[in-house]
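Okay, here's what each chain looks like letter by letter:
Protein chains: 2
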Amino acid sequence: MAARRTLSPEEMAERLVSGDRRMAARVITMAENRSEKIGDLMKLIYPHTGKAMVIGLTGAGGSGKSTLIDRLIGRFRQRDMTVGVIAVDPSSPFSGGAILGDRIRFQKHSIDDGVFIRSMGSRGYLGGLARAASDVVRIIEALGQDVIIVETLGAGQDEVDVFHVAQTCLLLLTPGMGDDIQAMKAGIMEIAHLIVLNKADLDGAEACLRSLEATLHMGLGDKQDGWIPRILPTVAAGVREGQVQGIEELFEAILAHQMYLRESRAMDQLQAARVEQELGLIFKDELEKIVFAGLKGTGRKRDYIEAIMAGRNDPYSVVEEVLREFFIGRNSGERSS
Amino acid sequence: MAARRTLSPEEMAERLVSGDRRMAARVITMAENRSEKIGDLMKLIYPHTGKAMVIGLTGAGGSGKSTLIDRLIGRFRQRDMTVGVIAVDPSSPFSGGAILGDRIRFQKHSIDDGVFIRSMGSRGYLGGLARAASDVVRIIEALGQDVIIVETLGAGQDEVDVFHVAQTCLLLLTPGMGDDIQAMKAGIMEIAHLIVLNKADLDGAEACLRSLEATLHMGLGDKQDGWIPRILPTVAAGVREGQVQGIEELFEAILAHQMYLRESRAMDQLQAARVEQELGLIFKDELEKIVFAGLKGTGRKRDYIEAIMAGRNDPYSVVEEVLREFFIGRNSGERSS
Chain A
0 MAARRTLSPE EMAERLVSGD RRMAARVITM AENRSEKIGD LMKLIYPHTG KAMVIGLTGA
60 GGSGKSTLID RLIGRFRQRD MTVGVIAVDP SSPFSGGAIL GDRIRFQKHS IDDGVFIRSM
120 GSRGYLGGLA RAASDVVRII EALGQDVIIV ETLGAGQDEV DVFHVAQTCL LLLTPGMGDD
180 IQAMKAGIME IAHLIVLNKA DLDGAEACLR SLEATLHMGL GDKQDGWIPR ILPTVAAGVR
240 EGQVQGIEEL FEAILAHQMY LRESRAMDQL QAARVEQELG LIFKDELEKI VFAGLKGTGR
300 KRDYIEAIMA GRNDPYSVVE EVLREFFIGR NSGERSS
Chain B
0 MAARRTLSPE EMAERLVSGD RRMAARVITM AENRSEKIGD LMKLIYPHTG KAMVIGLTGA
60 GGSGKSTLID RLIGRFRQRD MTVGVIAVDP SSPFSGGAIL GDRIRFQKHS IDDGVFIRSM
120 GSRGYLGGLA RAASDVVRII EALGQDVIIV ETLGAGQDEV DVFHVAQTCL LLLTPGMGDD
180 IQAMKAGIME IAHLIVLNKA DLDGAEACLR SLEATLHMGL GDKQDGWIPR ILPTVAAGVR
240 EGQVQGIEEL FEAILAHQMY LRESRAMDQL QAARVEQELG LIFKDELEKI VFAGLKGTGR
300 KRDYIEAIMA GRNDPYSVVE EVLREFFIGR NSGERSS
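If you read the sequences in order, they're chains A and B.
Here numbering that gives the first Met the number 0 is used: the first residue of the first sequence is 0, the next is one more, and so on.
Here numbering that gives the first Met the number 0 is used: the first residue of the second sequence is 0, the next is one more, and so on.
Simulated from the structure, these hints should not be mistaken for lab results.
In this text, all values refer to a predicted model and were calculated from it rather than measured experimentally.
Treat the hints with care, since some could be wrong.
Simulated crosslink set (DSSO-like; lysine-lysine; CA at most 30 Å straight-line) [what the hints assert, rightly or not]:
#1 Lys283/A / Lys50/B
#2 Lys283/A / Lys42/B
#3 Lys288/B / Lys42/B
#4 Lys222/A / Lys300/B
#5 Lys283/A / Lys222/A
#6 Lys222/B / Lys36/A
#7 Lys288/B / Lys36/A
#8 Lys50/B / Lys50/A
#9 Lys288/A / Lys36/A
#10 Lys36/B / Lys222/A
#11 Lys283/B / Lys50/B
#12 Lys42/B / Lys42/A
#13 Lys36/B / Lys36/A
#14 Lys288/B / Lys288/A
#15 Lys222/B / Lys288/A
#16 Lys50/B / Lys36/A
#17 Lys300/A / Lys50/B
#18 Lys283/A / Lys283/B
#19 Lys50/A / Lys283/B
#20 Lys300/A / Lys283/B
#21 Lys36/A / Lys42/B
#22 Lys50/B / Lys222/A
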């Protein structure tokens, strides 16, 4: 086998933007590992992003996320739209990778060239999951996918941050889920545009629908932009044709919400909010690198830790001291000139 | 009712350290809300911290965390040790508070003066959950509790960060849990010292124990400090005496691990790692405040967002530009003097 030629960021960007799926996978790995080239590459591909329909899907394990996504992919493909899926899985902080194989989860579409699927671990990213996921969405946008579905378990601040990248947010529930889900709902409902009650053929589905509707009637889910969330019962799993229910209605509801965003100009606000979040994530990350690198090289960190453990100092005072030196020290240096 | 007198940080610290539980609750709220005084307060109480036995307990919803903690509290109280519990609950990013009431969860011990219980939401903290939780553990240590139990669901990077504060880490599993739990296990097993199989009277417990033991036999859970994780079956729930099982063995195993830490001097390394993490969390948080404040005031942020949305710029270049100005600009300012 010939050795892989080292490509310039320009060459890589060109291949990615022209629809090279293997290049997309490679660039995503570079983003996840924070390779040195990734900054230049992201600048090059950025103008080719921002046009996809980004759908967020969150729900606990066992709610049927993969099956539902599989159905949605099928519907989008029928309309000849290309699809990207980013699945955030719980994983080892050490392995860095996702545990469930992409191909196993979405078997039917794994050989379809119009579908690009990528799993991400929920831990172990240098700049945090949200920063990594934000880059990955941009990369799949640059690849040219029309629709991107971002799947998370919806637990923890970092996953909520990931969710913010989505324009249309789906919350997936099932009848008879436990207290944890009820608790989670309270937080997620505030960002969900469509609430999907999957496995709606199970016992308790009717009662669950009524309770969800009652919650929405109190206006608890209403969005600032005027969108009133809808509840959609589905049965995503099923071998025979008649068993699967509600997918068409869900598909239409997603398109309706996208239409609403475009007509109400809420889409512009969403894009601005996304850029703002992106700026914040990149900023934080780069700053940390600069300051931590500064501290590390000097060996002062070890001295500080020893002083704190010996009771001669505390971390709050140490941080104050270092920051004062770093910022105010430089200011006064300027003033004295 | 008389108005609450404004206390100085010195007065508050004194009351907290002398065991005033109401003051502890108040200081925790200040830490969670990042009140202005909290920095000074934390500096004052810091020398009174670092002596507690800190136990982490993680497990999915329904694994019986609260019941098990209830049993453990009972055992520690029998030995006349005071206990603090920090329970991290999924919650609304908006309400900020925890959903399940502390008193409801640990009814038996809620009126015991030797037990201090606090719930924290898993989202909505300005500097992140890990930063807030780190402060809360220090505050409960300053209150003088001998043992602190930190309970989390174990999902997401922020909860894993919280877990790092613990010296003895317990992973709670139950027989027959789904794929999500299996996946989670892979990540958490690497940091768990004791693996508790709760509800060990259920079907499938034997098979589950065997599979866990096989995993450990491969050395997958072994720690760098030489500790080999143990598996302990328990039945924490039960009204009659004979129904509850394995609590005594678990209690002894916790004490044995603590003894191991002290004798192997691994405790010193743990304390150093905790201080290092703390430094990092405080650092990051304070840095963000400085830079975001700087950007916000100028109205430049809006200009940048507009330029990015119009395709005239991208977030990666913007961050580079601002940072260059912030750091290199100041350096060259100094140099020119």
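Against the structure, the hints come out as follows:
A distance of roughly 33 Å separates the Cα atoms of Lys283/A and Lys50/B; the hinted pair therefore is violated under the 30 Å criterion. Only pairs whose Cα atoms come within 30 Å are accepted, and Lys283/A paired with Lys42/B is accepted, the gap being roughly 25 Å. A C-alpha spacing of about 19 Å is found between Lys288/B and Lys42/B, which places the hinted pair at or below 30 Å, so the restraint holds. A distance of roughly 25 Å separates the Cα atoms of Lys222/A and Lys300/B; the hinted pair therefore holds under the 30 Å criterion.
With a C-alpha separation of about 28 Å, the suggested pair Lys283/A and Lys222/A falls inside the 30 Å cut-off, and the hint holds. The hinted pair formed by Lys222/B and Lys36/A fails the criterion: a straight-line CA distance of about 35 Å is larger than 30 Å. Among the hinted pairs, Lys288/B with Lys36/A is consistent with the structure: their alpha-carbon atoms are about 29 Å apart, no more than 30 Å. Restraint check for Lys50/B and Lys50/A: not satisfied, since their Cα atoms lie roughly 55 Å apart, outside the 30 Å limit.
For the hint pairing Lys288/A with Lys36/A, the CA-to-CA distance comes to about 16 Å; that is within 30 Å, so the pair holds. For the hint pairing Lys36/B with Lys222/A, the CA-to-CA distance comes to about 35 Å; that exceeds 30 Å, so the pair is violated. Taking the CA atoms of Lys283/B and Lys50/B, the gap is near 26 Å; set against the 30 Å cutoff, the hint holds. Pair hint Lys42/B plus Lys42/A does not hold up; C-alpha atoms about 43 Å apart against a cutoff of 30 Å.
Pair hint Lys36/B plus Lys36/A does not hold up; C-alpha atoms about 43 Å apart against a cutoff of 30 Å. With a CA separation close to 16 Å, the supplied pair Lys288/B and Lys288/A stays within the 30 Å bound. A hinted pair counts as satisfied when its Cα atoms are at most 30 Å apart, and Lys222/B with Lys288/A qualifies at roughly 29 Å. In summary, the hint linking Lys50/B to Lys36/A is not supported, as the alpha carbons are separated by about 46 Å, beyond the 30 Å threshold.
Taken as a hint, the Lys300/A and Lys50/B pair is honoured in the structure, with Cα atoms around 23 Å apart against an allowance of 30 Å. Distance check on the hinted pair: Lys283/A and Lys283/B sit about 8 Å apart at the alpha-carbon level, within 30 Å; holds. For the given pair, Lys50/A sits about 33 Å from Lys283/B by alpha-carbon distance, which is inconsistent with the 30 Å threshold. Taking the CA atoms of Lys300/A and Lys283/B, the gap is near 15 Å; set against the 30 Å cutoff, the hint holds.
The hinted pair formed by Lys36/A and Lys42/B fails the criterion: a straight-line CA distance of about 42 Å is larger than 30 Å. Simply put, Lys50/B and Lys222/A have alpha-carbon atoms about 48 Å apart, too far for the 30 Å limit, and the pair is violated.
Hint check: violations occur at hints 1, 6, 8, 10, 12, 13, 16, 19, 21, 22; the rest are consistent with the structure.
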